[in-house]
Every structure is written in structure tokens, then in C-alpha cells.
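Novice: Got chain A; can you put chains B, C and D with the ligands on it based on the hints?
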Amino acid sequence: MHIPDGILPAQVCAAGYAITGVATWYSLRQINRRPDPAAEVPKASLLTAAFFVASSIYIPVPPASVHLILNGLLGVVLGYFAFPAILIGLFFQALVIGHGGLTTLGVNATMMGIPALLAYHIFQSRDVVGKVLPEPTRTGVFAFLGGALGLGIAALIFLALIIFNIPAELNATAEQAAVLTLSVGHIPLALVEGTFTAMLVLFLRRVKPELLEG
Amino acid sequence: MMMMDSVSTGLNPVAIAQGQRPIAIAANALSFGYPDQPQVLREVTLTVQEGDRVGIIGHNGCGKTTLFMLLCGVLTPVAGEIHLFGEPLTPGQFRPEVALLFQDPDDQLFSASVRDDIAFGPQNMGFDPAEVDARVTQAADMAGIAHLLDRTPHHLSGGEKQMVAIAGLLAMTPQIILYDEPTASLDLRTRRRLIRFLQNSTETVLISSHDLEFVLEVCDRVILIDEGHIIADGCPREIMGDQTLMEAHGLEKPHSLIPHVESHHGE
Amino acid sequence: MMMMDSVSTGLNPVAIAQGQRPIAIAANALSFGYPDQPQVLREVTLTVQEGDRVGIIGHNGCGKTTLFMLLCGVLTPVAGEIHLFGEPLTPGQFRPEVALLFQDPDDQLFSASVRDDIAFGPQNMGFDPAEVDARVTQAADMAGIAHLLDRTPHHLSGGEKQMVAIAGLLAMTPQIILYDEPTASLDLRTRRRLIRFLQNSTETVLISSHDLEFVLEVCDRVILIDEGHIIADGCPREIMGDQTLMEAHGLEKPHSLIPHVESHHGE
Amino acid sequence: MGVASANTYIHRESVIHDWSPRLKLVSLGLLMFAFATVQQLALVPWMLGLAALLYGLSQLPISFLRQRLSYPGLFILAVVVLLPLTVGDTVVAQWGWLALREEGLRATGLIVGRFLSILTLGFILLGTTPFLTLLGAMRSLGLPTLLADMTLLSYRYLFEIAAMLATMQQAMRLRGFGHSRQRWLRVNRHTMQQLAMLTGNLLIRSYEQSERVYKAMRLRGYGQSRQVAPAPAIASPLSLQNWALTGAVLVAAVGLVLAEMRLA
Ligand SMILES: Nc1ncnc2c1ncn2[C@@H]1O[C@H](COP(=O)(O)OP(=O)(O)OP(=O)(O)O)[C@@H](O)[C@H]1O
Ligand SMILES: Nc1ncnc2c1ncn2[C@@H]1O[C@H](COP(=O)(O)OP(=O)(O)OP(=O)(O)O)[C@@H](O)[C@H]1O
Ligand SMILES: [Mg+2]
Ligand SMILES: [Mg+2]
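So the sequence lines, in the order shown, correspond to chains A, B, C and D.
Each residue of the first sequence is one higher than the one before, counting from 1 in this note's numbering.
Each residue of the second sequence is one higher than the one before, counting from 215 in this note's numbering.
Each residue of the third sequence is one higher than the one before, counting from 482 in this note's numbering.
Each residue of the fourth sequence is one higher than the one before, counting from 749 in this note's numbering.
Isolated chain A (complex conformation) (with noise of 0.2 Å):
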């Protein structure tokens, strides 16, 4: 779910690079708030780094296989790192692999790293908002959520450029035909990315906490 090269016109571009750059700076902010943001750097660049790499799993489900995004976990453990750590990780994805593009750099780190931040503030409103909820349950369901919404606005996102951006000639009742199928077409997919940030959450949870401070 990378926006190649090539697909939107340069004012999207840039417009992604302006938000890329607004939300970096604000992230950058809330970082040199804490009491030693330099300790955070080895963590956040070691675990970007294991993001990236285990983008590559998959999920089999024969006769296909399902990739994960895994940005709302990505939200979920680094919280302020999370929004550049995407855009590292897609940064060596354009370079590396040729996954995405340089000039939809700020477009794909808008859609995926936004929701991310999303996530990570659904993730620690879980002592406040679901009091009710026995523990484990709780940080299950608030991961599930985390997940799943990380990767369902981020579908969003990328059906909603797509479609508003090709094909200038489709007609009304066709676009929206479309953005419908292929939004409920996600669902699964943001079930499946959710139901793994949980199991992996929990896993967290049960080994090393510590990882799961923000």
C-alpha cells in the first residue's frame, strides 16, 4: 500500500511533503520535551529498523498471502518516534527496494504515519477510557483498535487519492461505487492487521513492558 511515482500531480506531492514536514517538526518537538531525548534515539532507530524488516512477514492465507503494515503497532510502541520512523522506513523502501517513490515520500509518510499517531493516542487512552475492561482485555482491545484503525485510515486515505486523482473521466455513481468496494474490500485486512497488533501486544505485555511505555 505504497503510492508509487508518477500517479499523483505535483501539487499532492508537495502538499504531502508539507504535511510530512509539519508533522516531523511536531513530533520532533514533543521528543525534545522529555527529560533526555538523546537516550531515545538508539531505541527508536533499532526498532525502525525491526519494523522494516519485518514488514516482509506475512500472513498466509492460501492461496494468497496478506502483508502487514504494522503502522498502528508502529504508533502503539515508539509514540513520537513513530511519525519519523515511517518516514525512515519508507525513505530506505523508495531507495532499497524501490517500494513507493521519492517525490510520494511526504504523500505515503502523511497516510501512514498520521494514522500511526492516531493509534498511539487510542493506545494510552486505554487507562481512561476503558477503566471498565479487566487488564489484559483491555490493552488487547485498545491494541486491536490501534491496529485496526492505523491501517483502516490509512486505506482510506490511499483509496481516496487514488481514485480522486487518475482517472479524470470516470463518472460519479462509478468513483463512488468504487471507493465503496474497495473500502469494504479493506475490511478484512484492517480485522486481520488489528487481531496481530493485539496478539503481539499481549505477547509484549507478558515479556518486556518495558516496550510498551510509549
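Derived by calculation from the structure, the hints in this document are not laboratory data.
Treat the hints loosely; a few may be bogus.
Computed cross-link-like contacts, DSBU-like style, restricted to lysine-lysine with a CA-CA straight-line distance of at most 35 Å [said to hold, decoys possible]:
#1 LYS208(A) to LYS963(D)
#2 LYS734(C) to LYS467(B)
#3 LYS208(A) to LYS131(A)
Specialist: Here is chains B, C and D with the ligands on its own, set in the frame of chain A:
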């Protein structure tokens, strides 16, 4: 560097092949190289009988790990073929009769509890839950880690992790176990425990190690690899005791084979 | 398990303290425990003179790495204090006179090229680029890795990585170097090179290792740790040659100290 | 995954290799954006020609481009198959229910043209500039230090972690993972659980390594003075050739945009 033709002391692979015990591993003219690199192994032929305990020695990068990866079907040889108990090995195929202990136990412990981890293999082999449980208990007993079953593998010490990883293999009742540098960062007590364990094990065992004293205590046959060839294959004490041979291939004669009465140290 | 009071053979810390060479490390009644765990070190007192080469031995988990982390100020002791060259060590403070070689060189080679990696320390010490370059060249020469300067650390072999990591420390011209299990997965050739290198080094050196033969060849003093205490401190050949002492603390007498003429093997 | 072969820099002598990394980054970046503005089919040949010319100047082997195009090529295939058949009303040719439509064909030409040209520029940038130099150039153009440090460190450990994952996957397969038969269009819960653990272990091990790396960095003065990993010194004064190349590329970029505005 000096090159030597295969020096065979004591045991001769062809003679072994005609011996009475069945053949566990038969590798024939095995060659392998990583992409864009010179070949690591060149026409290696190797026969291991059931119940053998073979040590594989050689300097860093001589191809010990690569050989193990080939023997368990993780890597595909460029040429040559491997038979395990007479049946050809197809790379990628799951052969529960051969198990590999990775050098770093963290590479093979993934579960949230020791019990789940040991159960991983039997579950994938399709046993029913009762059988899985029985195998977990038995393997844990054999490896001496029954008291750790409810712990998280992550929080164990290095030596404990090692034994849990071994239990994970034993639960699959393999007939061949490949141990890749099992003593690398064990202390002497844990190393001693491993020596006892291996001396009593009944599987066919291959051990790659830089710890020659360890090989000497555990193995009844040793194979020296250098430049992609088997340089020597035979009785451990004869091969490792041969100072010229060892030094020609970047190794040292182990201290316990050097005849001396408290001397030669502290220049 | 048997407990022994501190057995002091040969060297006595108090006597050393009055010796002529300056004191490099003075640790006084050091205690440390990880959160929610029993104390790892209990009131450890230790004096190391400049130029000493001290081996630290003890079983897995006895606290060798922890002691090193305390001595270089990465961990904060629960009680006690440390002076380096007479100056108190404040945890977290940057003290370029002490350097630590991590057990896994990958933890320590974080730059994208060998040159950048060696330059990392000097740059942070605030030297100007010309001085940094000079230090990089000198350190690379000392460690014998000048030919690797433009390579990527990831693609080096284990032994090369180790020497690059050492060069990264040398470039900061530390006066004390702590080596944490430097031989764990080196082959004998690389291990021999490291032994030569350490025998010629002029810094104060502390080495934690399970490789007793290695300690015997490199160190002029050895410290045995168990249950959070220093059990013995003194001449390597005397301490490691004492079979009862070694076995009481989960260790073994090294083979080269066992008087024998080709016997006692292969029961 | 192609991570292991990430070292894409190709050592050659060429004008493009000699181009100052900073100017190269800015010029090629602007040209990419100029390509992205193109909406007129008439400009596509010009654009492709420019990209081809620069690729020729860079003296990179054609095989390099071919290799790297194989993955994104799948995307092109999808566009080429879908658009001409579905978009637009002007039917150019028809075979039964299959109709080739003009608007779709035009859109395809544009998209594929832009895609190929921009991608080629990206490969030129990467193939003629070592990654570290590129990052140095980005730093000197104002990339925040924290971002540069993170990029460097992640790049360094990318390979390490990829190897770690590969080894763990091998270990899992040797213990029978992935050999059971799975039902079509079903997500196997057990498989997913095991993959979640695999990913979790990868994260935990990376995190633990990051703690050791941080200690090692601190011991070598990280965070003491604020000057971490300085930008590499920009080499020698810029030659005439450098400026000429930069000028030419910028003129081409502006020219394309102007032509696009006139034709629109
Ligand atoms: N994945 C890989 N890609 C490319 N080359 C590799 C890879 N793995 C190993 N090699 C190379 O193959 C050779 C043999 O490696 P191998 O790991 O089998 O040696 P080894 O005998 O196990 O060494 P050690 O004693 O250090 O474990 C080495 O030169 C190594 O650099
Ligand atoms: N980060 C940590 N958190 C909690 N406990 C720890 C941590 N690091 C070490 N320990 C515990 O502290 C004790 C001492 O560990 P340390 O690593 O110092 O031992 P060591 O002597 O270096 O062992 P080895 O020979 O295996 O390297 C061990 O029991 C270990 O489990
Ligand atoms: Mg190996
Ligand atoms: Mg240690």
C-alpha cells in the same frame, strides 16, 4: 597457506559405510557457495553412522555452520546430494528426524513460556494435546529443566536458555542433532553439565566447536575442515594431537594433549 | 555450596595500595542489585594499580559484566564508591580514561563505516578534525585493521569486528580498558592474535573471561568472584591451580596447569 | 527481501558521479517534481528523453535499471492492463466485450511515462552517490540532526536485524512451522499467533540491543557535546562542470513546467 590432501586417521568413511550400524547421514560431493562469493564447500563427501558423535573443527568462516544448514535442508547445495537414513533430503522439506541447535539460543526461543516453547515442535508435527504434554515433560526432564517450565525463556540465564533450546529439540525426538558451537559463552559448570548430557545422549550427534577440549571429551570422531575440503577425518586424539596438521589449518593442539609437567607457561 | 573467606595469594590489595605504581581503580565497599532481584555484588572492595592486567573469573551470572558496568559508570552502585586515578567516578559522567569492550562487538560498532566508527569517540571528546584523523589512523594501525577503514562494519568477520571495536576504544587513548569475554566466539588463530595484542598493551587491563587458558597467558593477577564477593585475588597460576578452590566455585582447573603426560582422557 | 543487497552505489567514473552531492540532490529533486507536473502527452517523450540522457551520462549499466524496475514494474502492468480497458467513452478498438478506450490510453501513457522518468532519476541519484554521502548532503541541506542520527543508526542495524529475522524463521521452519496444510481463504489463528511471537521477539531483541548500543555510545561520549556524527566535509571547490550540469538540469526543469503551463 599450506594445503594437505585428506588425511584419514583411524576411521575411513568408506570402511564405515560397510560397517554394521546403519548410516544416518550420507552426503555425496556436496558443493555450496553464497551468491557472489567463492564456494564455501567444495565436493564434500561425508558418511556418519547412527550413534556417532562427530566433532567438526576449523577456523572462523571455514564453513561449519554452512555444512549444518545444508545437512538439515535449510540451504540448497549447488551440487551433490544428501541422504538421511537412506532417504534423499529435499531442501525446504520438514524432516523431524534432524534437529539443529543454533549458536545463539535466542534465535530459537520465541514463546512466552518455556512450556509453550518446548511444545512448539510437537504441535507442528500434529500430535494431540496429551501427547504434546507428555513429550514436553519428558524432554524437560531429559534436559534437566523441569523446574523452569513456567518461566519466560527471555528471563533465563544463558546456560538455562541453552538447555531449554535443547529440550525444544528433544521434544521432537530427532535421531540426528547438530550442535553449532554449543559452549561459546557457557561457564565451566554449565559446560560440564552439557558434556555429561552429550556423553549420555543416544542420538547421532554432530558438534561444531572451537572448544577443542570439549570436542575431545564428547566426540568419538573428528572432522577438520579448511578451504572447503575435509582435511582430516578420524580419531580425535590422533587428529588434534598432530601439531603440524593443526597449525597448518589455523588451529592449536589442545593443552590436554600436550605432554608436560607444569612447565612452558609464564615466559 | 561451599563458601570461603577471601583467599589472598601473593598480592594483597592493601599492600598494593602502598606500592609504588599509582592506583588506577579503587572501588570501596561496592554493592549493586538489579531492581527486584537479590544483590549481585555485595561490598566488593578492589584496588588495581596502573599497568596491572587483571583477569576476572567466575561462573555465568556471578556479576562480572555488572562489575564492569559499575567501573565505567554506566550503572550506579547501591552503596560504595569508585575512584579512577584518585578522582571519584560519578555515574553517567563521560570519563574517556576508561573504556569497555562489549562482549558482542555488534553492540559497539554503530557507525556506517569503520572509519566513522573509530572517529566517533575522538569527535565526542571535542578534538578538531585533523587530530581526529590522526587518532583514527594510529588506532587502526595499533589494532592492525588499517586495511579495513573504508569497509562497512556489518560485513566484517567476527574477529575483524572485534579488532575494529578495540580500535574504536584505543582512539580515545583510555588508560583503563575493560574487556568483557573477548574470546567467546573467536577461532584459535584470532584468539592467538588477541593474546599477542594484549601482552603488548600498556594500558591497565581488566578481562572477564571463561577462557582460563587465555587468562593464564595474558593476566598477571586474577580475581575470582562468587556470590557477590571476591573469593580470591592474586597470582593466576596459584589461584587457578588450586583445584579445591576452583571446583568449590563452579570452575575447573585449566588443562595446562594439570601435571600429566598424555593420560586421563577417554575413560 | 532485497535488504541484503542494499549497497546500490556503483563505482564508475562519470560526470554524474563527480557532481557535488548537494547540487545533484537539489537538481534531480526539482527535476523529479517538474516531471510530476506533466499532464500533456506531448511532453512525455521529452521527459523520457531527458531521463535517458541523464542515465547515459551517468554510465550506469542498463542491467542496474532493469533489475530495479522488476518490482515496481508490477504496478505498471496493473495500470497498463486496467486503465485502457475501463476508463473513458471513446472506443478505439473493440473485441467482443473488451474495448480499448482513448482516454484510458492517454492516462496510461502519462502515468507510465512519468513513473519511468521519475524512477530513473531516483536510480541515477542512488547509483552514483553512496548512501552515506547522500545522507551527508541531506544534513547540510537542513535535515534535523535527530532524523539524520536515526537514519544512520537504523541503516546500520537494518542488515543485522534482517539476518536475525532470517535465522529465527529458519529455526521455526526446522521445528515444523509452516508445513501443515492450510485451508483456502482462512486465516489460521495458530499460525498468526506464532508470527506475532516472531515479530515480538524481533522487536524485543532489537530493543535489548538498542539498550546495549546506547550504553556503548554513552561510553564513547554520545550526548556529551552536541556535535554527533558531523556532516562530512564538502569536497574541493566546485568545478565549472558542476555548475554547468546544475544549470542545465534546472533549465530543463523550468522549461518543462513552462511548456506544461502553455499547453494546458
Ligand atoms: N548469509 C551469508 N551470505 C554470504 N556469505 C556468508 C553468509 N553466511 C556465511 N557466509 C560466508 O561463508 C563462509 C562460511 O561461513 P560459516 O558461517 O559457515 O563459517 P563457520 O565455520 O561456521 O564460522 P564460525 O566459526 O565463525 O562460526 C564465511 O566466509 C562467511 O563469510
Ligand atoms: N538488566 C538486568 N536486569 C536484571 N537482572 C540482570 C540484568 N543483567 C544481569 N542481571 C542478573 O545479574 C546477575 C549478574 O549478571 P552479569 O551479567 O553481571 O553476570 P556475568 O558474570 O557477566 O555472567 P556471564 O558470564 O554469563 O556473562 C545475573 O544473575 C543476571 O541474571
Ligand atoms: Mg558458525
Ligand atoms: Mg557477562
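Novice: Now tell me if each hint is right for this structure.
Specialist: Each hint, compared with the structure:
1. LYS208(A) to LYS963(D): Measuring from Cα to Cα gives roughly 19 Å; hence the hint holds.
2. LYS734(C) to LYS467(B): Distance of about 18 Å is within 35 Å: holds.
3. LYS208(A) to LYS131(A): 23 Å, holds
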